[in-house]
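K.L.:
What follows is the residue order along each chain.
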Amino acid sequence: MEPLNFDTQPPHLYPEYKSTILRSPTRPLMPVRELIKDLSLPVFGESVLQKYDNDLTKNARVNGEPIGERIKVMGRVLDESGRPLPNVLLEIWQANAAGRYVHRAEIHDAPLDPNFLGGGRVLTDKEGRYSFYTIKPGAYPWGNHYNAWRPNHIHFSVLGHQLQQRLVTQMYFPGDPLFEFDPIFQSVPRHARELLIAKFRMDWTEAEFALAYQFDIVLSGRHQTPFE
Amino acid sequence: MERLRQTPSQTVGPFFAYSLTAAQYGYPYDSIVHHALLGPATPGEHILLTGRVLDGQGTPVPDAVVELWQADAQGHYRTAPLSPKDDDGSEFTGFGRVGTGTQAGARFQFETIKPGAPAAGQAPHINVTLFMRGSLRALHTRLYFSDETAANAHDELLNAVPPERRETLLAQAVAGLSRPSYHFDIRLQGEGETVFFDL
Ligand SMILES: [Fe+3]
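Residue numbers (my numbering), protein chains in the order written: chain A, 13 to 240; chain B, 1105 to 1303.
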């Protein structure tokens, strides 16, 4: 059996994703693990959350329901040793069902939805669990190369407990035909790409309301000594 | 012991602003992390911190997210939970975030205090994390202060940086402004490339 390869991270430079060419460091990173002893990040309390931060189908309503397929995204945040991480702040953003972002510089000629912003945030509970409702985002074109399209995805910003647990990533949907054409997805080592794809969970769906996806997030743990 | 595989990092992309930095960019959503880390009555020396993120051609990057995490004037990192309400204006969060898309010249600007030294063998410093379109992983570095020569000379981490690259971690004091100010350019590539860390 092949040993599991634990290096799951993309390189800084991935020339097929053209913007990395001028924006990635060229010198080796400096190892500082032995020099930085305590890297604890700030903790956020429940009081930072507003009532509908965990429901993107409700938090920007103006005159009706947002258009598109309502979904629920649920999962856990764990460290590499499988310990659940409570009180982790997840900030999320995404395109609407038509593949259009609210962002002003967005030039994709698809409609905005007056009832959908696409931004939200949640905190994990004691067992490291989180969940939110949203609309399934659409694919959208981008300028990397001729006829480039991003697979459907939701952006996640994750504030773990320590500096090396500060992660920004993207969640994808199973079976997307655009995976093999997307250099951002392809930048991840082949064996680790599945870690970015949510699992469809029929057993978590809400009948006549929303389909459900599971997306678990594993953050780097401080490498433990064997004595611990 | 069970070992799970880390979730791979992906780029923050160009469209983060209405979620991560909504108030700064004027989007109709609240922000819980800001360019100001302090209140009017926060103890310590209030400073203005500006800078740029420069790509391999020296062009300022207009769509980067810069995060700071630092100790207070006593050298203590905050451990109490962050909350949106600041009762007496003295609360210091120690954690800040800014996008480079709203100021001329793609500058970032923070209002904060000059941190105290967190421990023996450490000079005052600020942890800096960068995200941007074209960056597949977070970039981590540290900001030290150009006018802390004596303390910098005894900083364990700074001393581990090759001498010819130490200057890339120094924020330069800017004279002649209404309050103490520092400027910190982060160079992603080439001449004067900033030292980035493998945590
Ligand atoms: Fe996107």
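Please note that the accuracy of each hint is not assured.
[What the hints assert, rightly or not] Now the stretches of chain B that chain A is said to cover, found in silico as 3 or more residues with beta-carbon under 8 Å:
#1 1116-1122
#2 1133-1140
#3 1209-1219
#4 1234-1246
#5 1250-1264
#6 1285-1299
[What the hints assert, rightly or not] Pair ranges (Cβ atoms, derived):
#7 A/Gln62 / B/Thr1183: 34 to 40 Å
#8 B/Thr1253 / A/His203: 31 to 37 Å
#9 B/Glu1271 / A/Leu223: 51 to 57 Å
Calculated from the structure, these hints are not laboratory results. For every residue, glycine included, the Cβ atom is placed at its ideal position computed from N, Cα and C.
K.L.:
Indicate, hint by hint, whether the structure satisfies it.
P.N.:
Hint-by-hint comparison with the structure:
1. 1116-1122: holds (count 7)
2. 1133-1140: holds (count 3)
3. 1209-1219: The restraint on the stretch 1209-1219 of chain B is violated, since only 0 of its residues have a Cβ under 8 Å from chain A and three are required.
4. 1234-1246: holds (count 10)
5. 1250-1264: Result for this restraint: holds, n = 3.
6. 1285-1299: Holds: 6 residues of the stretch 1285-1299 of chain B have a Cβ under 8 Å from chain A.
7. A/Gln62 / B/Thr1183: 34 to 40 Å: Distance hint for A/Gln62, B/Thr1183 is violated at roughly 24 Å.
8. B/Thr1253 / A/His203: 31 to 37 Å: Cβ of B/Thr1253 to Cβ of A/His203: about 48 Å, so the range 31 to 37 Å is violated.
9. B/Glu1271 / A/Leu223: 51 to 57 Å: 54 Å, holds
In this structure, the earlier hints numbered 3, 7, 8 are contradicted, and the remaining ones agree with it.
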